[in-house]
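There are 2 protein chains.
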Amino acid sequence: MDQEIIARLINRITAAGLDAIVALSPENVTYVSGFVVPSQSLMRWRHAACIVTSDGKISMVAIDMEATTVKAHAGIDDLRIYREFSDDPMDKLAEAVKDLKLDHGKVAIEMEFLPAKDFATLQKNLPNVNWSAADPIFNKARQIKTAGELALLRSLSKLTDNAIGTALRSAKIGMSEMELAGTLLTTLFAGGAESYKLMIIASGERSEFPNVGPSARKLQHGDIIRMEIFGQKSGYLTGVCRTAVVGDATAEQYKIWSNLIECKYLVLELIKPGASCPEIYRKFLEKFGQLGFDPISFVAHGIGLHLHEEPYMGRYGNEIVEAGMVGAFEPLVYIPGRFGMQNKDMFCVTDKGCELLSDVTPTDTLLRVA
Amino acid sequence: MDQEIIARLINRITAAGLDAIVALSPENVTYVSGFVVPSQSLMRWRHAACIVTSDGKISMVAIDMEATTVKAHAGIDDLRIYREFSDDPMDKLAEAVKDLKLDHGKVAIEMEFLPAKDFATLQKNLPNVNWSAADPIFNKARQIKTAGELALLRSLSKLTDNAIGTALRSAKIGMSEMELAGTLLTTLFAGGAESYKLMIIASGERSEFPNVGPSARKLQHGDIIRMEIFGQKSGYLTGVCRTAVVGDATAEQYKIWSNLIECKYLVLELIKPGASCPEIYRKFLEKFGQLGFDPISFVAHGIGLHLHEEPYMGRYGNEIVEAGMVGAFEPLVYIPGRFGMQNKDMFCVTDKGCELLSDVTPTDTLLRVA
Chain Z
10 MDQEIIARLI NRITAAGLDA IVALSPENVT YVSGFVVPSQ SLMRWRHAAC IVTSDGKISM
70 VAIDMEATTV KAHAGIDDLR IYREFSDDPM DKLAEAVKDL KLDHGKVAIE MEFLPAKDFA
130 TLQKNLPNVN WSAADPIFNK ARQIKTAGEL ALLRSLSKLT DNAIGTALRS AKIGMSEMEL
190 AGTLLTTLFA GGAESYKLMI IASGERSEFP NVGPSARKLQ HGDIIRMEIF GQKSGYLTGV
250 CRTAVVGDAT AEQYKIWSNL IECKYLVLEL IKPGASCPEI YRKFLEKFGQ LGFDPISFVA
310 HGIGLHLHEE PYMGRYGNEI VEAGMVGAFE PLVYIPGRFG MQNKDMFCVT DKGCELLSDV
370 TPTDTLLRVA
Chain G
10 MDQEIIARLI NRITAAGLDA IVALSPENVT YVSGFVVPSQ SLMRWRHAAC IVTSDGKISM
70 VAIDMEATTV KAHAGIDDLR IYREFSDDPM DKLAEAVKDL KLDHGKVAIE MEFLPAKDFA
130 TLQKNLPNVN WSAADPIFNK ARQIKTAGEL ALLRSLSKLT DNAIGTALRS AKIGMSEMEL
190 AGTLLTTLFA GGAESYKLMI IASGERSEFP NVGPSARKLQ HGDIIRMEIF GQKSGYLTGV
250 CRTAVVGDAT AEQYKIWSNL IECKYLVLEL IKPGASCPEI YRKFLEKFGQ LGFDPISFVA
310 HGIGLHLHEE PYMGRYGNEI VEAGMVGAFE PLVYIPGRFG MQNKDMFCVT DKGCELLSDV
370 TPTDTLLRVA
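Protein sequences, first through last, are from chains Z and G. Here our numbering is used: the first residue of the first sequence is 10, the next is one more, and so on. Here our numbering is used: the first residue of the second sequence is 10, the next is one more, and so on.
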């Protein structure tokens with residue numbers, strides 16, 4: 010547990026006039042406990058939950074199967090274990106709420122995660138609780154990283170960037186996207202990542218598709234390769250994307266790449282405390298618009314325990330940049346029927362400006378591989 | 010889309026007296042559409058949904074960001090695209106329900122997945138729909154695999170088994186669990202897997218912990234290594250676990266391993282159409298009980314689009330084995346404060362008995378590595 014995180018949550022609980030909040034999603038259970046319950050994100054009925062009260066009490070609910078793992082790592086004294094198959098985890102959670110004398114209290118829970126069936130069980134067990142949505146409270150708290158979170162995200166950004174650069178530089182004509190995936194993951198894990206999310210390896214005609222994983226497609230001369238991955242450690246994520254060309258790019262592709270990198274430096278310059286998120290997007294659009302392709306609806310988003318967090322810097326939303334925010338910006342083009350190019354960099358907001366966290370693989374010149 | 014799957018679902022919809030069911034979880038959207046919507050499982054607000062009506066109409070809801078990918082791969086004509094940030098996917102889903110003239114209908118939806126907030130939106134938009142739980146219908150349908158599903162699961166089982174065997178045989182004193190992870194994933198991806206779930210690499214004193222990923226821990230003489238992974242392709246999963254010893258095992262460890270492998274062959278013999286799932290577990294317990302360690306509450310579970318599916322063969326539940334079921338059995342011990350050993354094999358139920366799908370890495374003798 011990070012005591013600074015708990016203190017910040019208690020402030021927000023109090024400010025919202027609540028008696029407690031309940032973390033239920035994998036990312037918020039990790040946020041409170043500092044620990045990743047291994048199978049929580051794999052099987053949605055294997056619920057885990059953390060309750061934080063306005064007076065600083067913390068309770069946790071976890072499955073019997075992983076009781077030893079949770080006990081050894083989470084360091085929460087009030088740990089309540091339910092039996093898979095024969096106990097309903099919501100009954101155990103309701104029991105904890107009652108023991109904390111919150112059964113007539115104001116309790117916020119993650120309504121965007123809590124399944125409808127489980128909410129019905131809670132309402133039945135706790136008819137006098139005044140339920141509200143905890144999602145905005147957690148989302149807002151998680152935007153500003155602690156020193157511990159920032160150190161982890163910084164080193165993980167470099168590690169992820171290095172793995173992508175290493176994998177792209179290993180690319181050769183005739184190699185499959187799957188083989189590139191092997192090199193990417195070997196480098197990522199050897200560097201210390203524990204997991205990953207959203208591995209995109211899209212070459213040639215596949216490069217135009219957002220969010221597609223590696224296939225058996227073999228590299229050919231002239232292919233564009235878009236490679237993105239979110240490395241994961243202790244539950245935290247960092248996303249980096251690089252683009253390479255097999256052999257030589259066309260003049261148009263070089264021109265697009267130059268624009269995307271100009272956008273990178275523009276956004277890096279614009280992100281600073283006090284800046285308006287939609288204004289950053291508008292200024293990005295002016296530069297990007299020179300290419301004449303359709304933009305996506307954002308150029309940057311927050312990252313931490315989830316691969317997309319608020320604030321978005323885009324067409325929607327109206328947030329102000331604050332010191333301690335961490336995220337990624339990603340100028341990109343997807344040209345239907347042709348190809349796609351994308352560059353994604355991790356940043357954190359400092360007191361005065363913006364620090365580039367993913368500074369390992371050079372991007373100023375489009376990477377050429379053989 | 011697999012027409013056999015759609016036909017089976019329509020039978021179940023009709024038998025349940027429903028007008029339609031709505032798939033909303035990643036696994037059930039893939040079950041209906043035959044396609045993995047890339048970022049659905051990564052960001053829970055990026056909902057995707059498939060409606061199947063009792064008269065065979067199919068509609069799909071997907072996000073604008075991935076419209077091109079879904080259009081190119083899912084092959085569903087009635088595809089409704091919502092805009093991220095400005096549209097609520099539940100409004101789009103409600104619109105589809107109305108267009109299908111189901112707004113006074115009996116509609117089952119996944120109550121164990123649908124977030125409480127989204128259910129409230131649907132209820133507001135569709136006050137006259139008679140909602141019920143679709144979860145048991147999908148779970149039951151998915152238990153019996155089609156020929157296409159079985160072929161995929163068979164080849165993926167061998168691929169996963171081979172990757173684990175290859176990684177374990179590469180183990181050497183001084184190598185870290187992370188390095189083993191690299192070899193495991195390289196082999197898995199090079200073989201054709203697109204993703205994976207639940208990579209367990211637990212050596213030495215870590216081998217007693219269920220469901221822990223690789224760490225920086227370096228292999229030492231005498232370590233037990235438990236290695237499990239679920240390889241994933243086209244959304245489908247196969248889980249295999251093997252155990253190895255670095256150097257030489259103790260007499261007790263050899264004895265445990267012999268028992269686990271006797272359990273393997275016992276369970277393989279017991280699984281056949283008509284067998285009772287809890288009875289298989291009871292017979293397993295008789296053999297396993299000779300060791301004197303605590304068992305977990307099941308010895309086998311179904312696998313397919315989810316890494317744990319019904320039926321469980323365990324202390325709870327009362328299902329009967331049927332031809333076409335696919336799953337894994339996994340005799341294991343976790344000895345607190347000491348070590349753990351585990352062997353997990355994929356099987357499918359044939360007309361007369363049980364086929365071992367993961368038959369690549371020999372298990373009869375405990376694998377010794379240097």
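Worth flagging that the hints you see were computed from the coordinates, not collected in a lab. Remember, it's a predicted structure, so these values are computed and weren't measured experimentally. Some hints here could point you the wrong way.
Unchecked claim - Partial chain G-side listing against chain Z, Cβ under 10 Å, derived: (1) Ser-34; (2) Gly-43; (3) Phe-122; (4) Lys-126; (5) Glu-203; (6) Ser-204; (7) Gly-213; (8) Pro-219; (9) Ala-225; (10) Arg-226; (11) Gly-256; (12) Phe-307; (13) Tyr-325; (14) Ile-329; (15) Tyr-343.
As the list claims (entries may be wrong) - Simulated pairs of lysine to aspartate or glutamate, EDC-like, Cα-Cα distance not exceeding 20 Å: (16) Z:Lys-66 <-> Z:Asp-108; (17) G:Lys-80 <-> Z:Glu-214; (18) G:Lys-126 <-> Z:Glu-13; (19) G:Lys-149 <-> G:Asp-11; (20) Z:Lys-115 <-> Z:Asp-96; (21) Z:Lys-126 <-> G:Glu-318; (22) Z:Lys-110 <-> Z:Asp-73; (23) G:Lys-66 <-> G:Asp-108; (24) G:Lys-101 <-> Z:Glu-331; (25) Z:Lys-133 <-> G:Glu-121; (26) G:Lys-281 <-> G:Glu-214; (27) G:Lys-133 <-> Z:Glu-121; (28) G:Lys-80 <-> Z:Glu-13; (29) Z:Lys-66 <-> Z:Glu-121; (30) G:Lys-281 <-> G:Asp-368; (31) G:Lys-296 <-> G:Glu-319; (32) Z:Lys-80 <-> G:Glu-364; (33) G:Lys-149 <-> G:Asp-108; (34) Z:Lys-296 <-> Z:Glu-331; (35) G:Lys-296 <-> G:Asp-360; (36) Z:Lys-101 <-> G:Glu-319; (37) Z:Lys-149 <-> Z:Glu-295; (38) Z:Lys-126 <-> G:Glu-271; (39) G:Lys-264 <-> G:Glu-318; (40) G:Lys-149 <-> G:Asp-368.
The C-beta atom is built at its ideal place from N, Cα and C for all residues, glycine as well.
Cross-check of the supplied hints:
Evaluation of the Ser-34 (chain G) hint against chain Z yields a held restraint, the C-beta minimum of about 8 Å falling below 10 Å. A distance limit of 10 Å between C-beta atoms decides the matter here; for Gly-43 (chain G) the minimum to chain Z is near 16 Å, and the interface restraint is violated. At its closest, the beta carbon of Phe-122 (chain G) sits 6 Å from a beta carbon of chain Z; the interface hint therefore holds under the 10 Å criterion. At its closest, the beta carbon of Lys-126 (chain G) sits 4 Å from a beta carbon of chain Z; the interface hint therefore holds under the 10 Å criterion.
Hint status for Glu-203 (chain G): holds, given a least beta-carbon distance of 5 Å to chain Z, under 10 Å. The closest approach between the C-beta of Ser-204 (chain G) and any C-beta of chain Z is roughly 6 Å, which is under the 10 Å cut-off, so the hint is satisfied. With its C-beta approaching chain Z no nearer than about 15 Å, Gly-213 (chain G) sits outside the 10 Å limit, and its interface hint is violated. The interface hint given for Pro-219 (chain G) holds, since its Cβ lies 6 Å from the closest Cβ of chain Z, which is under the 10 Å cut-off.
Given the 10 Å rule on beta carbons, the hint for Ala-225 (chain G) holds: about 7 Å separates it from the nearest Cβ of chain Z. Checking Arg-226 (chain G) against chain Z: minimum C-beta separation of about 12 Å lies over 10 Å; hint violated. Given the 10 Å rule on beta carbons, the hint for Gly-256 (chain G) is violated: about 24 Å separates it from the nearest Cβ of chain Z. With a least beta-carbon distance of about 8 Å to chain Z, the hint placing Phe-307 (chain G) at the interface is held under the 10 Å criterion.
A hinted interface residue such as Tyr-325 (chain G) counts as satisfied when its beta carbon comes closer than 10 Å to some beta carbon of chain Z; here the least separation is about 4 Å, so the hint holds. The interface hint given for Ile-329 (chain G) is broken, as the beta carbon of that residue sits about 18 Å from the closest beta carbon of chain Z, more than 10 Å. Checking Tyr-343 (chain G) against chain Z by beta carbon gives a least distance of about 7 Å; that is within 10 Å, so the hint holds. For the given pair, Lys-66 (chain Z) sits about 11 Å from Asp-108 (chain Z) by alpha-carbon distance, which is consistent with the 20 Å threshold.
Restraint check: the Cα-Cα separation between Lys-80 (chain G) and Glu-214 (chain Z) comes to about 16 Å, which is no more than 20 Å; the hinted pair holds. Restraint check for Lys-126 (chain G) and Glu-13 (chain Z): the C-alpha separation of about 30 Å exceeds 20 Å, so the hint is violated. Proximity of Lys-149 (chain G) to Asp-11 (chain G) is assessed by CA-CA distance (about 17 Å); at most 20 Å being required, the pair is judged to hold. As the CA atoms of Lys-115 (chain Z) and Asp-96 (chain Z) are separated by approximately 25 Å, the hinted pair breaks the 20 Å bound.
Between the alpha carbons of Lys-126 (chain Z) and Glu-318 (chain G) the distance comes to roughly 19 Å, so the proposed pair stays at or under 20 Å and holds. Distance hint between Lys-110 (chain Z) and Asp-73 (chain Z) is unfulfilled; the C-alpha atoms sit about 25 Å from each other, more than 20 Å. Taken as a hint, the Lys-66 (chain G) and Asp-108 (chain G) pair is honoured in the structure, with Cα atoms around 11 Å apart against an allowance of 20 Å. Only pairs whose Cα atoms come within 20 Å are accepted, and Lys-101 (chain G) paired with Glu-331 (chain Z) is rejected, the gap being roughly 34 Å.
Between Lys-133 (chain Z) and Glu-121 (chain G) the alpha-carbon distance is near 16 Å, which keeps this suggested pair within the 20 Å criterion. For a cut-off of 20 Å, the pair hint linking Lys-281 (chain G) to Glu-214 (chain G) is broken: about 37 Å separates their Cα positions. Between Lys-133 (chain G) and Glu-121 (chain Z), the direct Cα distance comes to roughly 16 Å. Compliance with the 20 Å bound is thereby established for this hinted pair. A C-alpha spacing of about 46 Å is found between Lys-80 (chain G) and Glu-13 (chain Z), which places the hinted pair above 20 Å, so the restraint is violated.
Only pairs whose Cα atoms come within 20 Å are accepted, and Lys-66 (chain Z) paired with Glu-121 (chain Z) is rejected, the gap being roughly 24 Å. Restraint check for Lys-281 (chain G) and Asp-368 (chain G): the C-alpha separation of about 18 Å stays at or below 20 Å, so the hint holds. Distance check on the hinted pair: Lys-296 (chain G) and Glu-319 (chain G) sit about 24 Å apart at the alpha-carbon level, beyond 20 Å; violated. Distance hint between Lys-80 (chain Z) and Glu-364 (chain G) is unfulfilled; the C-alpha atoms sit about 39 Å from each other, more than 20 Å.
Restraint check: the Cα-Cα separation between Lys-149 (chain G) and Asp-108 (chain G) comes to about 28 Å, which exceeds 20 Å; the hinted pair is violated. This hinted pair does not check out: Lys-296 (chain Z) and Glu-331 (chain Z) have alpha carbons roughly 24 Å apart, beyond 20 Å. The hinted pair formed by Lys-296 (chain G) and Asp-360 (chain G) fails the criterion: a straight-line CA distance of about 26 Å is larger than 20 Å. Distance hint between Lys-101 (chain Z) and Glu-319 (chain G) is unfulfilled; the C-alpha atoms sit about 23 Å from each other, more than 20 Å.
Taking the CA atoms of Lys-149 (chain Z) and Glu-295 (chain Z), the gap is about 29 Å. The hint is violated against a cut of 20 Å. Restraint check for Lys-126 (chain Z) and Glu-271 (chain G): the C-alpha separation of about 41 Å exceeds 20 Å, so the hint is violated. With a C-alpha separation of about 31 Å, the suggested pairing of Lys-264 (chain G) with Glu-318 (chain G) is violated against the 20 Å cut-off. With a C-alpha separation of about 27 Å, the suggested pairing of Lys-149 (chain G) with Asp-368 (chain G) is violated against the 20 Å cut-off.
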